[in-house]
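Asks: Each chain, written out:
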Amino acid sequence: MKKPDKHTIACILFAAGATAVGLMLDDPYYLQVLIFIGINTLLALSLNLLMGYAGQISLGHAAFYGIGAYTTAVLSATYGISPWLALPAAIFMAMAVAYIVGKPTLRLSGYYLGMGTLGFGMIVSIVFREWHSVTGGASGFVGIPPLEIAGFALDTDRSYFFLVWAVVLFFFLISRRIIDSRVGRALRAIHDGEHAAAAMGVDTARMKLSIFVLSAAMASLAGFLYAHQIYFISPETFGFMASIRIVTMVVIGGMASIWGSLLGASLLTILPEWLHAFADYEMMVYGLVLMLVMIFLPQGLTRGIIDLYNSSRKKHDQ
Amino acid sequence: MESMLRIRNLKCFYGRIMAVKGISLSVKQGEIIALIGANGAGKSTLMEAVSGILRSWTGEIVFEGKSLKGMDPPAVVRSGISLVPEGRLIFPPLSVYDNLRLGAYTRLRQRAKEEVEQSMEMVTSLFPILEERFTQPAGTLSGGEQQMLAIGRSLMAKPRLLLLDEPSMGLAPLIVEKIMEVLETLRRQGLTIVLVEQNARAALEAADRGYVFETGTVVLEGKADDLLSDQNVKRAYLGKDYEEFDDEQR
Chain A
1 MKKPDKHTIA
11 CILFAAGATA
21 VGLMLDDPYY
31 LQVLIFIGIN
41 TLLALSLNLL
51 MGYAGQISLG
61 HAAFYGIGAY
71 TTAVLSATYG
81 ISPWLALPAA
91 IFMAMAVAYI
101 VGKPTLRLSG
111 YYLGMGTLGF
121 GMIVSIVFRE
131 WHSVTGGASG
141 FVGIPPLEIA
151 GFALDTDRSY
161 FFLVWAVVLF
171 FFLISRRIID
181 SRVGRALRAI
191 HDGEHAAAAM
201 GVDTARMKLS
211 IFVLSAAMAS
221 LAGFLYAHQI
231 YFISPETFGF
241 MASIRIVTMV
251 VIGGMASIWG
261 SLLGASLLTI
271 LPEWLHAFAD
281 YEMMVYGLVL
291 MLVMIFLPQG
301 LTRGIIDLYN
311 SSRKKHDQ
Chain B
1 MESMLRIRNL
11 KCFYGRIMAV
21 KGISLSVKQG
31 EIIALIGANG
41 AGKSTLMEAV
51 SGILRSWTGE
61 IVFEGKSLKG
71 MDPPAVVRSG
81 ISLVPEGRLI
91 FPPLSVYDNL
101 RLGAYTRLRQ
111 RAKEEVEQSM
121 EMVTSLFPIL
131 EERFTQPAGT
141 LSGGEQQMLA
151 IGRSLMAKPR
161 LLLLDEPSMG
171 LAPLIVEKIM
181 EVLETLRRQG
191 LTIVLVEQNA
201 RAALEAADRG
211 YVFETGTVVL
221 EGKADDLLSD
231 QNVKRAYLGK
241 DYEEFDDEQR
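Sequence order for the protein chains is A and B. So for the first sequence, the working numbering puts the first residue at 1; every next one is plus one. So for the second sequence, the working numbering puts the first residue at 1; every next one is plus one.
These are computed hints drawn from the structure, not numbers from a lab. Since the model is a prediction, treat every value here as computed from it, not as a measurement. Treat the hints with care, as some may be off.
Think about it this way: if two alpha-carbon atoms lie no more than 25 Å apart in a straight line, the pair counts; the simulated DMTMM-like pairs of lysine to aspartate or glutamate are [what the hints assert, rightly or not]:
#, chain 1, residue 1, chain 2, residue 2
1, B, Lys158, A, Asp192
2, A, Lys103, B, Asp72
3, B, Lys69, A, Glu194
4, B, Lys113, A, Asp180
5, A, Lys6, B, Glu184
6, B, Lys158, A, Glu194
7, B, Lys113, A, Asp280
8, B, Lys66, A, Asp192
All chains, please: the whole structure from these sequences, using the hints.
Replies: Spelled out as structure tokens, the structure:
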């Protein structure tokens, strides 16, 4: 059953759109916002694989984001190692931590898994804050070098924009492949019923651990991109609130939806920027928008917009 | 004749509670066996132990000469035993097709694509309705169709021994009859079947032999026909009222 692959077409259109925007947009502010949207999309996508597809909630995902950022910061700034060598180290570090943490934690489910990962996230964030000699403590870590490709420094917003969105696009394609494969079916089966999945011969424990480790690797990559974009990192960026923000991106954008990760990340990145106009009321309006989205589009933005489109077309046809 | 599945002195534990208290039974190649008994008698627990989902058991479970001790569910499925779980446990948001493909999960890893296609054809010829519903989310099927899907899904693993946990649960009598017919068809194709049922009459009518469970032990075993006419079974499980029962006693 070979169908014309809608996702590939969407990805090509998306890549073309992103390239056009990247070439035409000159305002550094907008380019920066788009870079952050890209990084957040990668984060949201990593959690969406774990939460939306496999149904395993993680309230400590920012920890992996932070591990990626701090590993590359320490290696490239303190020890002067090339960031491109720091990258595999950062990813390996996150995967190793995910493996060690995931092995016992993923035996839990539902609220308990949430609590377990929450605790893990807090421990990591405390380590960032208190390990002064290495991480620079609460005042942050300064002096992370920019990335370079073949002697060409990626220190302009435009070049970084292309790097980030190329990575995002790559993971869109990878994620789709995973989800449509036998492994993806098994993940969704675990989401619906672990017992039933096990009865079908799915090695649920291994499968959950693998997706957790993959998810951590993606989050770590996002942290790497983040660190080399703003050259300065501090513990708050990777704390509890950050974890909650990633969860919110997934839920608002749409669980088990690749494009939902993009929508959720976009909304949660842009919204605070727009809401600066509300000054003191910023957080209230922010909360209100999220509540309204959940009340009127409980399946998330992606599903919600598709449903709205379908129902308006139906009305039009009548 | 050597038995296909032999269980000896099986004891199953949920923490410190012993749910199955020393059960022995045997299933021969090509048989349909019914396990009947009230709620909490240990029937489903036994199924979980055989399929590897429940690991805390002692005693002996031997399938085709190999002990199942310490095997996890994937290993049990690969060895040729497939469970149709209690309450069907299909995957509601996934399409009917994806549900069936999941049943062949352990085989697709072995790159047996063509064989899996054959199984898919076998299942759809057994339950043509499933093919009509291929792209529909499984949650939109009726109860009977969901049960057919659950059975079809388990058959996709190409088992030699099929375990069914209460396939008649919540289904209309006509559908129950249809499902029992399918089991008979499957047996003729060479499948061995163990059936757990509260609907004792339907199960015993389909089965060759039966075991009656009570609070974790087997209290009665024998040919299905004998059990159907056994006074105690009639009183306890076949829903005869006491007056009728008293009449027969006299």
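Asks: Taking the hints in turn, state whether each one holds.
Replies: Now for the hints, and whether the structure bears them out:
For the hint pairing Lys158 (chain B) with Asp192 (chain A), the CA-to-CA distance comes to about 23 Å; that is within 25 Å, so the pair holds. A distance of roughly 17 Å separates the Cα atoms of Lys103 (chain A) and Asp72 (chain B); the hinted pair therefore holds under the 25 Å criterion. Distance restraint check for Lys69 (chain B) and Glu194 (chain A): the Cα-Cα separation of roughly 21 Å lies within the 25 Å cut-off, and the hinted pair is therefore satisfied. For a cut-off of 25 Å, the pair hint linking Lys113 (chain B) to Asp180 (chain A) stands: about 16 Å separates their Cα positions.
The straight-line distance between the Cα atoms of Lys6 (chain A) and Glu184 (chain B) is roughly 44 Å, outside the 25 Å bound, and the hint therefore fails. With a CA separation close to 21 Å, the supplied pair Lys158 (chain B) and Glu194 (chain A) stays within the 25 Å bound. Proximity of Lys113 (chain B) to Asp280 (chain A) is assessed by CA-CA distance (about 61 Å); at most 25 Å being required, the pair is judged violated. With a C-alpha separation of about 32 Å, the suggested pairing of Lys66 (chain B) with Asp192 (chain A) is violated against the 25 Å cut-off.
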